[in-house]
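K.L.:
If you read the protein sequences in the order shown, they are chains A and B.
Using the working numbering, the first residue of the first sequence is number 1, and each one after it goes up by one.
Using the working numbering, the first residue of the second sequence is number 150, and each one after it goes up by one.
The set of hints was computed from the structure by calculation and includes no laboratory data.
We treat Cβ as the ideally placed atom computed from N, Cα and C, and that holds for glycine.
Take these hints with a grain of salt, some might be off.
[As the list claims (entries may be wrong)] Here are a few chain A residues that face chain B, going by a calculated C-beta distance under 7 Å: (1) G12; (2) S37; (3) R52.
[As the list claims (entries may be wrong)] Just the calculated beta-carbon pair ranges, DEER-fashion: (4) A/T102 with B/R167: 38 to 48 Å; (5) B/P169 with A/E103: 33 to 43 Å; (6) B/A161 with A/E29: 36 to 46 Å.
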Amino acid sequence: MRRVDFDLQVRGAVYRHFADHARAPSLRELSQVTGVSPSDVKAAYERLYARRMLVLMPDGETIRMAPPFSGIPTQHVVRAEGREYFANCAWDAFGIPAALHTEGEVISRCEQTHAPLRLRLGATGPPPSSWRFHVVVPASQWWADIVFT
Amino acid sequence: MLFFRDEEQVGAWCAENRFPRRPLVTLDQLWSLSVAWYSTRLTPDARRPGPEEIRSIFAGIGLEGPFWDPQADAF
Chain A
1 MRRVDFDLQV
11 RGAVYRHFAD
21 HARAPSLREL
31 SQVTGVSPSD
41 VKAAYERLYA
51 RRMLVLMPDG
61 ETIRMAPPFS
71 GIPTQHVVRA
81 EGREYFANCA
91 WDAFGIPAAL
101 HTEGEVISRC
111 EQTHAPLRLR
121 LGATGPPPSS
131 WRFHVVVPAS
141 QWWADIVFT
Chain B
150 MLFFRDEEQV
160 GAWCAENRFP
170 RRPLVTLDQL
180 WSLSVAWYST
190 RLTPDARRPG
200 PEEIRSIFAG
210 IGLEGPFWDP
220 QADAF
């Protein structure tokens, strides 16, 4: 198998695991699913990070982000398909129901007042609302620090 | 990338934290953006959109100008 095809296989397995389990897979779980060694999976992670497809923790083997899914708890929670997912940001909170092609409930907050946000996203999107989405960092700089945008 | 209860809270948060106030996005726009960006993310040939595609996606929901340009060096 070509390396690029293997990397895409790994990426697909990562996303399938997030969708099915609402959490990041461990290196050992991905090794079992793909049938290759953990070190080969880790090398694929690094190449996928270089292509902006995954974001890793400093250990190089724990997945921090497979957008829109977050591998760590955040303030943006999405309930869908009977599971509770963490999203990386407000955009990704909407992105999870979009990626799963399902309805969902977004649970987050106003960053200024900390007022709770509970929003049902239907097949046609959100209900009418005064809530707004705001991005501080220009699009050209998002990947300079993808954790803070 | 954060939620705010209304436009007034965006202004208050930017002022308190000394961040510039950027173009605001409605939740309808955010949903359209999310569908365009993520609806194929779980498919085998999914990929991150390139710069031209990103500009087209943003422009399609009314997000235009240097701030939304993935390759702009001034905004």
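K.L.:
Could you run down the list of hints and mark each one as holding or not?
P.N.:
Here is how each hint holds up against the structure:
no. : hint                           : verdict
1   : G12                            : holds (6 Å)
2   : S37                            : violated (23 Å)
3   : R52                            : holds (6 Å)
4   : A/T102 with B/R167: 38 to 48 Å : holds (39 Å)
5   : B/P169 with A/E103: 33 to 43 Å : holds (35 Å)
6   : B/A161 with A/E29: 36 to 46 Å  : holds (44 Å)
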